[in-house]
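Undergrad: Line by line, the protein sequences give chains A and B.
At position 97 of the first sequence (counting the first as 1) the number is 97 in my numbering, and the numbers step up by one without a gap.
At position 121 of the second sequence (counting the first as 1) the number is 121 in my numbering, and the numbers step up by one without a gap.
These are calculated hints, taken from the structure and not from any lab test.
Mixed in with the good hints, there may be bad ones.
[Unchecked claim] Result set (BS3-like, lysine-lysine): computed pairs, CA atoms no more than 27 Å apart in a straight line:
hint, chain 1, residue 1, chain 2, residue 2
1, B, K435, B, K576
2, B, K519, B, K443
3, B, K576, A, K24
4, B, K236, A, K141
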Amino acid sequence: MSEVVLDGGAEAPGKDGFVEDWSKDKQVFGVPWGKAMMWIFLLSDTFIFSCFLVGYMSVRIATTDPWPSPSEVFALEAFGYPVPLLLIAIMTFVLITSSGTMALAVNMGYRKDRKKTFWLMLATALLGATFVGMQAFEWSKLIAEGVRPWENPFGAAQFGSSFFMITGFHGMHVSAGVIYLLVVAFRVKNGFYEKRGGNYEIVEITGLYWHFVDLVWVFIFAFFYLW
Amino acid sequence: MSYVAIADRDHEQEHHDPQTFLTKYIWSQDHKVIAVQYGITAIFVGLIALGLSAMMRLQLGFPNQFSFINPENYYQFITMHGMIMVIYLLTALFLGGFGNYLIPLQCGSRDMVFPYLNMLSYWVYLLSVIILIISFFVPGGSTGAGWTLYPPQAIMQGTPGTDWGILLMLASLAVFIVAFTMGGLNYVTTVLQARCQGMTLMRMPLSVWGIFIATILGLLAFPALLVSAIMMLFDKTLMTSFFMPAISSMGVDPGYTGGSPILFQHLFWFFGHPEVYIVALPAFGIVSDLLSTHARKNIFGYRMMVWAIVAIGGLSFIVWAHHMYVSGMNPYFGFFFATTTLIIAVPTAIKVYNWVLTLWQGNIHLRVPMLFAIGFIFTFIHGGLTGLFLGNVTIDLPLSDTYFVVAHFHMVMGVSPVLVVFGAIYHWWPKITGKMYNETLGKWHFWMTFLGTYAIYLPMHYLGFAGVPRRYFAMGNTEFLPDSAQDLNAAITISALFVALTQILFFVNMIWSLWKGPKSDPNPWDATTLEWQTPDHPPKHGNWGHELPVVHRWAYDYSVPGYEEDFIPQNVPADKAPAGRDHGEDH
C-alpha cells in the first residue's frame with residue numbers, strides 16, 4: 001500500500017456523510033477497533049477530569065478561608081527575583097513539545113519508517129518523563145513549604161487537597177502514558193508489528209492518548225494556575 | 001483506503017478453540033462464558049442482598065423480637081442491600097451478563113472486539129465483589145451509611161463501619177468502575193464496529209439498543225462516582241475537606257473545615273440518576289424483544305422505540321438534582337430539575353404505549369418469559385406513575401424520606417428490572433444451556449413473585465402517605481401513626497419472606513433443567529433474531545462456524561402476510577421471503 005490514508009470514512013461531506021456513516025452495516029467509523037475504543041475511553045476519561053475540576057471549583061467557592069494566590073505560591077526564585085509560574089511555564093512547554101514529537105512519530109509510523117518512529121516516540125516519552133520529574137520537584141518544594149492535603153500555610157486547606165489530587169491524577173496519566181509509549185516504541189523497533197501485517201495504527205492510538213493528556217493539562221493549567 | 005470491516009475481510013482472524021477445562025470455563029475469553037460467569041457472580045451477591053432485606057423486614061415487621069438485629073447492623077443491612085442490588089447485581093447482570101451474551105450474538109459477531117480485555121473485566125469485577133464481601137467481616141463491619149453514602153455521616157464516628165467498612169466500600173466501587181469501563185468499552189465498540197453484513201444500527205434488536213445506550217450512560221456517569229469515591233477516601237484517610245464542613249463530632253473537633261456536603265450529593269446523583277437508566281434501558285430493550293417474540297407481532301413503532309431509548313439516555317443526565325429537593329440547594333434548581341424530570345415521562349410513556357400496542361391483536365403465547373414481560377409492564381407503569389409525584393417539588397417535600405419513596409423506587413427499578421431479568425433468563429435459557437426448563441414450575445414462580453411483590457410494595461405507598469419514615473430501625477412512640485401501620489408492616493414482612501422463599505422454585509427449576517431437563521429446540525420460540533440461528537446449539541466458540549451470517553431484514557418480521565411461517569429470521573434473503581416491514585431501508 002503506497003498510498004496512505006489516515007482515516008477512512010464517509011464518501012459524502014458534511015451532514016450527508018454523517019448520516020451515511022451511521023446508516024451503514026458492519027461498522028460506523030472506518031477506523032480500527034482499537035482506535036474507536038480509545039476515543040470512547042477518552043470521552044469517559046474526559047468526564048473523570050471534568051468532575052475533578054468541577055469539584056475543585058466548587059470547593060474553592062465553598063470554602064470560607066482565603067484562597068492562596070497562585071502567582072505567589074507557584075513562583076520560583078530566578079536571578080534573585082521571584083518569577084511567577086516559571087516552573088509551570090517550562091513544564092507546559094515541555095508537554096506541548098512532546099505532543100509535537102508525538103505527531104511526527106504518528107506520521108513516520110504511517111510511512112513505515114520504523115527507526116524514526118522509534119526515536120520520536122522515545123523523545124516523546126523522555127519529554128513526558130521530564131514533565132513528571134519537574135512535577136515531583138514542584139511537589140517536594142510545596143511540601144517543604146508546609147503544603148499538605150489537609151492544610152497549608154497560605155490559606156484554604158482545599159488548596160493543597162485539590163492540588164495534590166488533581167495534579168497527582170494527571171501525573172499518573174502522564175506516567176502511564178510514558179510506559180505505554182515505551183512499550184509501543186520498543187515494539188516498533190524490534191519489528192513486533194511487522195509480524196502482524198505491518199500495521200502501525202497503534203502509534204496513532206498511543207498518540208491519541210498522549211494528546212489527550214496534554215489537552216487535559218492545558219485545562220488544569222488554566223483553572224488551577226491562572227485562576 | 002478506508003479501514004476494512006471484519007465481515008469484509010478475506011480471511012477472518014483465526015479463532016483458536018480453547019482446549020483445556022481451565023481456558024474453556026475459567027480463564028475464558030469467550031463472551032458467552034464470561035456472560036455466564038458475570039451472571040452467576042451477580043446472582044450470588046444478589047442472594048446475599050436478598051437475605052439482608054429479609055433481616056430488615058423481620059425487624060420492621062416484628063420489632064425487637066430478634067436479638068441478632070440491632071440498630072447498627074440494621075443500617076449495615078440497608079446500605080449493603082441497596083448497593084449490592086443496584087450496582088453489583090443489576091448493573092453487572094444486565095451489562096456484564098446479558099450485554100456480553102447478547103451483543104455479539106445479536107449483532108452477528110464472533111466475539112467482543114477485545115476478548116482479553118473482556119475477560120479481565122470479569123476478573124476485576126470479581127475482585128470488587130470480594131472486597132465488598134470482605135467488608136462484612138472487618139472490625140466494625142460493613143458501612144452503614146445508606147447506599148447513597150452521604151457525608152458527613154458516612155465517615156464520622158457514630159455511623160457503623162466508619163473505620164474499615166466505608167474504606168472497603170469505596171475501594172470496591174472504584175475497582176468495580178475499572179471493571180465496568182473495560183467491559184463497557186468493549187460493548188460499545190462491538191456494537192459500533194463489529195456487526196455482520198446487513199446489520200445496520202436500525203436493524204438491531206432493541207435488546208442491543210438498550211444495552212448499548214445504557215453502556216454509554218455508564219461510561220459517562222461512573223466517572224462522577226469514581227471521583228466522589230476518591231475524594232471521600234481522601235476526606236477519610238488524609239483529613240482533606242472536600243465534602244466535610246467544619247463540624248463537631250461527639251464534642252470533639254475532628255479538624256475538618258470548609259468542605260461542601262452538597263458537592264458530594266451533586267456528584268453522587270450525577271452518577272446515581274443515569275444509573276437508574278443503566279438498569280432500566282437494558283430492561284426496556286429486552287422486554288421489547290420478549291413481547292414481540294411471544295406476541296408473534298412486530299414491535300410497535302420500532303424507530304420511535306429506538307429514539308425513545310436515546311432520548312431517555314440523554315435526558316437522564318440533566319435530571320439528577322430531583323433527588324436533592326430537600327438537600328438545601330438553591331430552590332430555583334428544583335424548578336429546572338422538576339421540568340426536565342417530567343419531560344422524561346414523554347419518551348417513557350411512548351415506550352409503554354408501544355409495548356401495549358405490540359400486544360394489541362397479537363397472537364399472545366403466555367409462556368413464562370411472556371408472563372414476566374407483561375408483569376413488567378404492570379410494575380413499571382405503577383412505579384413510573386409514583387415517579388410523577390416525586391418529581392414535583394411540592395409533592396416531593398412531604399413524601400420525601402417516607403415509605404412512599406421506598407415503594408416507588410422498588411417498583412420502578414427493583415421489581416421491574418428483576419422481572420425482566422427472570423423473563424430474559426427463561427427466554428434465553430434454552431440458547432445458553434441447550435436445555436428446557438419446566439414450564440409449570442416457571443409459571444408458579446411468576447405468579448407467586450408477581451403477586452407477592454404487589455403485596456409487599458402496594459401497602460408501602462399507604463405507609464408513606466401516613467408519614468412512616470424510611471430508614472428507621474423502629475418507630476418508637478410516634479403518635480401520629482395509627483396502630484394499624486404496624487399490622488401492615490407485619491403483613492409486608494410476611495409477603496417479603498414468602499417472595500424470597502419463592503425464588504427457590506426458580507433455582508430448583510434451573511438446576512433440574514441442567515441436570516435432567518429435555519434438550520431444547522435450537523429456536524424454541526420461533527424467534528427472528530440472529531442468536532437463534534446459530535449453526536451449533538448452544539453456540540460454540542466463535543458463534544457462527546465458518547461463515548458469518550448475512551442479515552437481510554429487521555429483527556421483527558413476525559406474522560408477515562403471504563409467508564407460510566409466522567416468523568422470518570433476520571438472515572433469510574429477500575428473494576426467499578416477503579420483505580416484511582423493514583424500517584432499516586426506508587430512509
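Undergrad: Run every hint past the structure and note whether it holds.
TA: Here is what the structure says about each hint:
no.	hint	in the structure
1	K435/B - K576/B	violated (31 Å)
2	K519/B - K443/B	holds (20 Å)
3	K576/B - K24/A	holds (23 Å)
4	K236/B - K141/A	holds (25 Å)
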